[in-house]
Amino acid sequence: MGELIKISNLSKSFGDIKVLHSLDMQVESGEVVAIIGASGSGKSTLVRCIAGLEPVSGGEILLDGVPVVNTASTNGKVGMVFQNFNLFPHYTVGQNISMPLRTILKMKKELAAQKAKDLLNKVHILDKFEQYPNSLSGGQKQRLAIARALAMEPEIIIFDEPTSSLDPELAHEVFETIKDLAKEGQTMLIVTHQINAVRRFASRIVFLNKGKIEAQGTPDYIFNQIDNHDLKQFLRQVNFEDI
Amino acid sequence: MRNLDFWVIAPYFNLFPEAVAITLKVGIGGFILAIILSIIAGSLRTRKLCKAVHFLLAAYVEFFRGTPLLVQLFIVYYGLPSFGIKIGPMTASIVTMGLNSGAYLSEVVRAAILSVDRGQYEASAMLGYNSLQTTMHIILPQALRIAVPSFMNGFSSMIKETSLISVLPVVELTKLGNQIYAKTYHPFEIYITMAIIYFVMTYSVTFFAKCLERRLSIWVN
Chain A
-11 MGELIKISNL SKSFGDIKVL HSLDMQVESG EVVAIIGASG SGKSTLVRCI AGLEPVSGGE
49 ILLDGVPVVN TASTNGKVGM VFQNFNLFPH YTVGQNISMP LRTILKMKKE LAAQKAKDLL
109 NKVHILDKFE QYPNSLSGGQ KQRLAIARAL AMEPEIIIFD EPTSSLDPEL AHEVFETIKD
169 LAKEGQTMLI VTHQINAVRR FASRIVFLNK GKIEAQGTPD YIFNQIDNHD LKQFLRQVNF
229 EDI
Chain B
195 MRNLDFWVIA PYFNLFPEAV AITLKVGIGG FILAIILSII AGSLRTRKLC KAVHFLLAAY
255 VEFFRGTPLL VQLFIVYYGL PSFGIKIGPM TASIVTMGLN SGAYLSEVVR AAILSVDRGQ
315 YEASAMLGYN SLQTTMHIIL PQALRIAVPS FMNGFSSMIK ETSLISVLPV VELTKLGNQI
375 YAKTYHPFEI YITMAIIYFV MTYSVTFFAK CLERRLSIWV N
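Protein sequence lines, in the order shown, are assigned to chains A and B.
One point on numbering: in my numbering, the residue at position 12 of the first sequence is 0, and numbering is uninterrupted.
Take any residue in the second sequence, count from 1 to its spot, add 194: that is its number in my numbering.
Everything labelled a hint here was simulated from the structure, so no lab data went into it.
None of these values were measured; they are calculated from a predicted model.
Mixed in with the good hints, there may be bad ones.
[Said to hold, decoys possible] So, partial list: chain B residues that the calculated Cβ filter (under 10 angstroms) puts toward chain A: (1) Pro205; (2) Gln314; (3) Ser318.
For glycine and all other residues, C-beta sits at the position ideal for the given N, C-alpha and C.
Required output: the full structure, derived from the provided sequences and hints.
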């Protein structure tokens, strides 16, 4: 396992508001890292910086040794699954996967369609191939978003609160899909509040508090061993709300 | 009050198809030009470009929105020959109406592009689309669906505004009406007939627009 992401002294501000403070972090290839923390702790900002969607204010993010300055600099190595899906509404379910393959990777129509079918089969929505995303349930939309991200074969997939807009049973469907990917060795960064769901397959949990990494380690270490007041308070809160 | 006599128009019926064809030719030609110009100008105005380009685009939009179409027709047909640019009345009509409507519709396109969710740009960028690919494949198809009702309104207005080209040497529907009136002195019968023909044309556009909107709405949330 090699180091895929190296974050050094990362800071991010929005105007006068400092969201991330001198953050250091590494992600190894094959790791599944869950990022937890209260609302406003900087979780989404951190992953958006890693994806190149937000310019950093200080420090550096290296992806395979190459600095991340914008989405283009990630060179297709990062896939992203958003909280509100961001599917392309004018494309059918199949086209949501095949059109990027044809446009970006110049893949032939038949090959792209076949790959779309394979991926939709993997996330159990092959029967929706011809339908438009507006006819899917929330869980199906998010599984389509995961399949679309997988199609580009990224080295790492970032999930930014993938289940926060879903009902518990639909969130469960999505986490089952993510768990399957974890088994296959896909490197993933997952921002979530639903820690009980990710603790089953995350290799590491990072607790972010007020823009700083307050604690990190294996799920067992985070849940049972560490003695951190803010973390314990957060875990009490989310356990109450969790699925 | 005299009795209405629509039969006075009958001897001139054979002239109507050509006048209607010219009206439609100018309306459709101008509309196609307006669509092209509005997509180019509207898209460019949402992008970060040099100030000179933005100034030129704003000048185009403001000039054609801020001056009467009739004056624009006179400038293009009668004014441009002073600079050695001589164009026929049909071409002048199509070009002027396209430029005029394009200016209005470019604002529709601009607003439609700005109304597309920011997340669509982010999703495209994460998949590897460049700026042009994002605009062409992801943003414009969604923006144009939003713009369809306004586009169809523009087309409907344009068909009615073709009556203004009767000031040029083109025998379109209104000019034909004027000519028949000059020979028969039955203004009500003639202009009511013209109005009905215009109504049929614009109502057909409205009907087509509703079908198009229904068809495009299958993927709307």
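Hints, one by one, checked against the model:
no.	hint	result
1	Pro205	violated (53 angstroms)
2	Gln314	holds (6 angstroms)
3	Ser318	holds (8 angstroms)
Violated hint: 1 only; the structure is consistent with all others.
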